[in-house]
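Asker: Our numbering puts the first residue of the sequence shown at 1, with every later residue one more than the last.
Among the clues, some could well be false.
Stated by the list, open to error - Simulated pairs of lysine-lysine, DSS-like, Cα-Cα distance not exceeding 30 Å:
| id | residue 1 | residue 2 |
| --- | --- | --- |
| 1 | 23 | 6 |
| 2 | 59 | 45 |
| 3 | 23 | 63 |
| 4 | 20 | 59 |
| 5 | 6 | 20 |
| 6 | 59 | 6 |
| 7 | 23 | 45 |
Rather than coming from a laboratory, the hints here were simulated on the basis of the structure.
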Amino acid sequence: METNTKATITLEVDINTLRKAEKILASLPCSLDYACNLFLQQVVKEGMLPFAQESEETKKSQKEEILNLVYGEVSYLDTTEDQGLFDLGPETSF
């Protein structure tokens, strides 16, 4: 049987991120300690980070899918110039 022994950890985080997170957690109400414990429990439960991380390849694929829906078949978006489809420019009027 596991004992419920506690450990203390020290983290370095961006001060602005910390302040924003503390404000949000206080409104729940939820302590930073409790939120960190929940996060670590989810990591253990899922065996990975408990939120989605999109790769650049996934983002590229999603853009292609959107363009296919809007404009029809698009075979690739491999350069910055190809992504110019999103830049309508000043001469565009609706």
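Asker: Report the numbers of all earlier hints that the structure fails to satisfy, in ascending order.
Answerer: Checked against the structure, the hints that fail are numbers 3 and 6, while the rest are satisfied.
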